[in-house]
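Respectively, the protein sequence lines represent chains V and H. If you're matching positions, the first sequence starts at 1 in this note's numbering and goes up one per residue. If you're matching positions, the second sequence starts at 356 in this note's numbering and goes up one per residue.
Simulated from the structure, these hints should not be mistaken for lab results. We put the beta carbon where it would ideally sit given N, CA and C, even for glycine. Keep in mind that the hints are not guaranteed to be accurate.
[As the list claims (entries may be wrong)] Covered by chain V, per the in silico footprint, the following chain H stretches (three or more residues, Cβ under 8 Å):
| no. | segment |
| --- | --- |
| 1 | 363 to 369 |
| 2 | 485 to 493 |
| 3 | 530 to 544 |
| 4 | 621 to 630 |
| 5 | 633 to 641 |
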Amino acid sequence: MNEMREIILDMTNRLLSDHCNQEAWEQLDEGSWPESIWGLLAEQGLTTVGVSEENGGVGLGFDDMMSIIRLTGYHACPAPLAEAIVANWLIDIAGNVPCSDKSTVALPPADAMPTYGANGTLCGHLKGVAWGSQVDTIVTLCVSETGEEMLAAFLPSKIASSPVDAANLANEPRSDISLEGDAPEWACPLPKSLTAHRLRAVGALLRASQMAGAMERAISFSLEYVNDRKQFGRPIGKFQAVQHMLAIAAEHYSASSVIANAASLTFGGEDFDFMAAIAKARAGEAVQVISDSVHQSHGAIGFTHEYSLQFFTRRLWSWRDEFGNERQWQREVGRKVLDAGADGLWPMITSLGVK
Amino acid sequence: MIENLAFGAVDMPPECEEMRKRVRTFLRAELDQGKYVPSSWVTFDAEFTKRFGEAGFIGVTWPKKYGGQEKSFMERYVILEELLAHGAPAGAQWMGERQSGLQILRYAPEETKVRLLPKIAGGECFFGIGMSEPNSGSDLSSVRTRATRADGGWVINGAKVWSTNAHRVDNLLVLARTGDAGKSRHEGLTQFIVTLSTPGVTVSPIRDLSGGREFCEVVFEDCFVPDAMVLGKEGDGWGIVMSELAFERSGPDRILSPYRLLVELLRELESDRSAENECLVGRLVTHMTSLRQMSLSVAGKLQAKENPILQASLVKDLGNAFEQSVSEVSRLAVDSSTAGTAYNKALRETVLQAPCWTIRGGTREILRGIIAKGLGLR
Numbered sequence: 001m002n003e004m005r006e007i008i009l010d011m012t013n014r015l016l017s018d019h020c021n022q023e024a025w026e027q028l029d030e031g032s033w034p035e036s037i038w039g040l041l042a043e044q045g046l047t048t049v050g051v052s053e054e055n056g057g058v059g060l061g062f063d064d065m066m067s068i069i070r071l072t073g074y075h076a077c078p079a080p081l082a083e084a085i086v087a088n089w090l091i092d093i094a095g096n097v098p099c100s101d102k103s104t105v106a107l108p109p110a111d112a113m114p115t116y117g118a119n120g121t122l123c124g125h126l127k128g129v130a131w132g133s134q135v136d137t138i139v140t141l142c143v144s145e146t147g148e149e150m151l152a153a154f155l156p157s158k159i160a161s162s163p164v165d166a167a168n169l170a171n172e173p174r175s176d177i178s179l180e181g182d183a184p185e186w187a188c189p190l191p192k193s194l195t196a197h198r199l200r201a202v203g204a205l206l207r208a209s210q211m212a213g214a215m216e217r218a219i220s221f222s223l224e225y226v227n228d229r230k231q232f233g234r235p236i237g238k239f240q241a242v243q244h245m246l247a248i249a250a251e252h253y254s255a256s257s258v259i260a261n262a263a264s265l266t267f268g269g270e271d272f273d274f275m276a277a278i279a280k281a282r283a284g285e286a287v288q289v290i291s292d293s294v295h296q297s298h299g300a301i302g303f304t305h306e307y308s309l310q311f312f313t314r315r316l317w318s319w320r321d322e323f324g325n326e327r328q329w330q331r332e333v334g335r336k337v338l339d340a341g342a343d344g345l346w347p348m349i350t351s352l353g354v355k
Numbered sequence: 356m357i358e359n360l361a362f363g364a365v366d367m368p369p370e371c372e373e374m375r376k377r378v379r380t381f382l383r384a385e386l387d388q389g390k391y392v393p394s395s396w397v398t399f400d401a402e403f404t405k406r407f408g409e410a411g412f413i414g415v416t417w418p419k420k421y422g423g424q425e426k427s428f429m430e431r432y433v434i435l436e437e438l439l440a441h442g443a444p445a446g447a448q449w450m451g452e453r454q455s456g457l458q459i460l461r462y463a464p465e466e467t468k469v470r471l472l473p474k475i476a477g478g479e480c481f482f483g484i485g486m487s488e489p490n491s492g493s494d495l496s497s498v499r500t501r502a503t504r505a506d507g508g509w510v511i512n513g514a515k516v517w518s519t520n521a522h523r524v525d526n527l528l529v530l531a532r533t534g535d536a537g538k539s540r541h542e543g544l545t546q547f548i549v550t551l552s553t554p555g556v557t558v559s560p561i562r563d564l565s566g567g568r569e570f571c572e573v574v575f576e577d578c579f580v581p582d583a584m585v586l587g588k589e590g591d592g593w594g595i596v597m598s599e600l601a602f603e604r605s606g607p608d609r610i611l612s613p614y615r616l617l618v619e620l621l622r623e624l625e626s627d628r629s630a631e632n633e634c635l636v637g638r639l640v641t642h643m644t645s646l647r648q649m650s651l652s653v654a655g656k657l658q659a660k661e662n663p664i665l666q667a668s669l670v671k672d673l674g675n676a677f678e679q680s681v682s683e684v685s686r687l688a689v690d691s692s693t694a695g696t697a698y699n700k701a702l703r704e705t706v707l708q709a710p711c712w713t714i715r716g717g718t719r720e721i722l723r724g725i726i727a728k729g730l731g732l733r
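Just chain H, same shape as in the assembly:
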């Protein structure tokens, strides 16, 4: 029931401020040296990611023996939110750091952990997600990409779609059917790490309405994957995918997507201090602050090794609603024809990107169903 919703108080240990200072120093230097131009965090910049990894900011919660630093989820949160607030191009490292690396850490054979994790932490090895298919979106367990047993591994046939940055990353985490779906419909699925340079893989970027070509279709034709690149055991796929949802859904990237626009909005309104504008700004910051507290609380639960799928779903849905409201509020408060270039650029990008936020990473409708179930609605 409603008690299931308990978020818990946020506890930011003092190390968080230390980490924040370090990340800010790094990002400021990058900006001062013109190494990147602030934009959306999805921007793929392999060079930036390498520098960021070398500076020790990727995979910080992982064990030291795999290239991590055994730091807390709260310190990790600080790194992520600073990246977003500074408009840093974190696209290359995002999936690997947020979920794939964690899955490898938890479920991959030792030799794969040793080979891949330090490279991810070093900002040199990039990941994408291969879950959705043309006929399987929200109904993920209906995937038809098939993996059949071969000598020393598996052979994959099928197609994945909407894989962000598949045309630029090294590996894709692929959910494929290896057996019968069974009574629960969730059996017979297995997670594979597919190296995209393997023969039989064809990646085609798809142009989106904002003009980008970030996500892709990936077709597998008799693509071989060795045993060492299987996560967990055959048939563990569904459980593994479910276990990463709390990580995928609760972070600052679910509440801060239009942050650049918010900043430019403030810049425009600094010289237009009507009561209406002050209220409008106050309302946006009220939402952002409360969402941040909720998101931090989820990070605390991850730190405590809980699986806060309910809270994560809630944060993402409420966060996305806030995110999508920012451009709608801004455009009525500011006259675009007299506004600055930075504002107009941020507004354009935000309006065109906004529809995808409630679709990717768990649609609004699916999330609300999860929340309802978590509240005990039968």
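The shape of chain V in the complex, shown without the other chains:
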């Protein structure tokens, strides 16, 4: 699987590198859906990397899925590849075949899950669904009338109400969708190992992984810029203030990246929810320091729309608020820690990820 992983990562990186560029980013920023990019991604099977081999996917492990998802952040992919990978993975787990590769996930909080009625219809409100109006299928958490957590897939083109379309700070499409007695394509109880809480943690890690990629890219831009830009007769990267600023950014990026990777490796074990919470909290907190450093080191040019940096920082500012912000996930972590008690901290920390 290692070789396969390398091949797919390499291919994804090259594909995204070739097609995720200034022109593509600007196109999305102006509100147009990148059909051509999407076609290429689907053609190469990248949207179904998490689907089992017997169902036509690649059967990549969870951590490898997150590595690909990280690349979507690194390249600011102007299409819901990350969301589709997870959505199609879930569709496969639920024993269904993806209706089309264009899909996304909605992971509403516990107090806002749509209900799946006894009559087989969905009622509720989904807020800020990523690419909700652009995809063919939305996979969502829902809850039965008896309180059983479920997974359902519906086609936005088939529901009664019209979505309220909006966008995040990076102008990625986000839709508020009302379900008013709409029939899903299918609905099933969540498998035992995948609670709604765990799925929200998956969503958090999805964004955390993207954020790590975007952080890496933004800092790379900065390193290149400060080595090129000359003022006072020398590259500004020679000034200690600039060096220290970027060193600090690199520290926070490293922490975010390392813990996101570590969290992805715990999937399937009992530590996953905790580690994913930590990853999202850490990445969320890192955004301020990193975006500050990358913008500061670029000076005015980095503040322009024309320069690429803003495609990355606007995504960081958006993604830190999606699938739970750092406050929410910190609280999650703190709650578990305080439940374990002062003397429970060390055994808890040292057993994380231990098989």
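On the provided structure of chain V, position chain H as indicated by the hints.
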């Protein structure tokens, strides 16, 4: 560039859990028998170190023929972090185990290895570091302590400062000038193992603001050091010192200094479960966990015989920032006037110790320069 930062996944082999159980059993027994009171790991306790060495926990990565056990750096990491988490007094063994022993293993003549390493591993021989001088701190290559050739060895003259526990250890690793600094400014330096009982050595503890007298000034007046106590060759000093930095900077002692305070903070907040407190605790543990992963990753690189100086510098700087934040967060979350004795003691000690963490072992400013250089900033 930024690719240089790759930390790598952490792989803890199953032996690590076995080692953890053994160390915990040992430390619990020590605590149950009242053999030590949990405090800062810097605490010097020769008896504890002897027991710890006899139990086989010091120098575990070294070859068996020198008293080691040829275990992995990951198992070593487990031992160190358990020591810190249990507030064990590891001060006597720390320098010898963390860096001096490794340097002796790599650069000392065979007779010195055979004589000293088993004693360090046995917890009977203690080391300190003699690098900084009154006029040479961050600018280490500017040291002026001089070693001149003598019959069968060298004669050292000069003064070292900030040597932790020099008044209690047996030997000091001393960086001295033996020749011209050359174009690079880094030539002409040599590392010596100086036995502190040698005539001509005067050690004076220096009182620090927290009330301790842990670090010292060490003055050398015509102090003789035999050839067998030279590390590497004459002039190798700078390279040797540089090669130990990754070991010195990346360990759990750079992220867990205020661990006792963190535990007492949790104890205080267990009965004050506001949203704010839960977030505060969650944030601290988020930082601690991610730092630990980074630190473990560096241990993995040491195991793979790499020289992760960039990653080690990064871990220390980010780790120190976290360490220094713990008391600042705690004091606003807990009312000291109603808190327990253990909490208040830990808070006091932490606030008074905190400033030195970003100074010792490589200052924050130097580390950030190293990181910047590692990132390719010219």
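Hint by hint, work out which the structure violates, then give me just those numbers in ascending order.
-> 2, 3
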